[in-house]
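Colleague: Let the hints inform the model, and build the full structure from the sequences given.
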Amino acid sequence: MELAAQIALLTFLFVIVVLATLSILYGVAYRAHAGERRILGALGGGAAAVLAGMAWRSLFMAGGYWSYVYWERPWLWRLPFLIVAGVFVEAALLVIAWRVIRRWKRAGAIVFVTIWSLWGALVWTGAIFPFDISVIPRDVIPLSADLVRSPRVTSLLIVFPLDALTACLGLWVMRRLAAPAGADAFAQKPEHE
0 MELAAQIALL
10 TFLFVIVVLA
20 TLSILYGVAY
30 RAHAGERRIL
40 GALGGGAAAV
50 LAGMAWRSLF
60 MAGGYWSYVY
70 WERPWLWRLP
80 FLIVAGVFVE
90 AALLVIAWRV
100 IRRWKRAGAI
110 VFVTIWSLWG
120 ALVWTGAIFP
130 FDISVIPRDV
140 IPLSADLVRS
150 PRVTSLLIVF
160 PLDALTACLG
170 LWVMRRLAAP
180 AGADAFAQKP
190 EHE
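All residue numbers for the sequence shown refer to numbering that gives the first Met the number 0, where the first residue is 0 and numbers rise by one.
No lab work stands behind these hints: they were computed from the structure. Hints may be right or wrong, so weigh each one.
[Said to hold, decoys possible] Derived Cβ-Cβ restraints for the label pairs, each shown as a range:
1) Leu117 to Ala7: 35 to 45 angstroms
2) Arg36 to Val83: 19 to 29 angstroms
3) Arg30 to Thr113: 17 to 27 angstroms
4) Leu8 to Ile82: 10 to 20 angstroms
5) Gly62 to Ile23: 31 to 41 angstroms
6) Leu21 to Leu78: 15 to 25 angstroms
7) Leu78 to Glu1: 21 to 31 angstroms
8) Gly63 to Val14: 45 to 55 angstroms
By construction, the Cβ of each residue, glycine as well, lies at the ideal position given by its N, Cα and C atoms.
Modeller: Next up, the structure:
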């Protein structure tokens, strides 16, 4: 395939990824009754969470502790897809977190961050996959099976708290950009006369 065709295909795929993840964010925001300020705050928090997550994952990768298939040379072109999809999906999760926190306050925040972090740790370490991904050819590895070289239990013990901190950073940035969950007019209780 010549270069122009590859660029056209990648552009098409990038547009599909953006539209798919943006539609997820739109659906969640519509269902959660999130306003413009909340959505922009969630996008800012999603970007902060993705960048922080990439930073600490890169540090561990540079230290030789583990290796990500999609960050290596032949797969490097997929990195923008992961970043854009990550920002929109993280933003959708932050909108859900905003609703959970509005409803259940601190307990809801703790449970949400715990579930989010556990899911992230299980996905990034490959622990939810029942097969050994090292025996599968690199061109057939599923999108979420990124981790190819790491002791699983130790990775879970490292990734879980770092994912929790990343989630808290996203929530903190969203709160700073969009105000606390109870500050919206929709959250205010009408005063009885």
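Colleague: Confirm or reject each hint.
Modeller: Against the structure, the hints:
In this structure the hint that Leu117 and Ala7 lie 35 to 45 angstroms apart at CB holds, the actual value being about 40 angstroms. Distance hint for Arg36 and Val83: a CB-CB separation of about 22 angstroms, consistent with the stated range 19 to 29 angstroms. Distance hint check: the CB atoms of Arg30 and Thr113 are about 23 angstroms apart, consistent with the given range 17 to 27 angstroms. Distance hint check for Leu8 and Ile82: the Cβ-Cβ separation is about 19 angstroms, which falls inside the suggested range of 10 to 20 angstroms.
Separation of Gly62 from Ile23 is about 33 angstroms and conforms to the stated range, judged on CB atoms against 31 to 41 angstroms. About 19 angstroms separates the C-beta atoms of Leu21 and Leu78, a value consistent with the hinted range of 15 to 25 angstroms. Leu78 and Glu1 have their C-beta atoms about 23 angstroms apart, which keeps the hinted 21 to 31 angstroms range intact. Checked against the hint of 45 to 55 angstroms, the C-beta distance between Gly63 and Val14 comes to roughly 36 angstroms, which is inconsistent with it.
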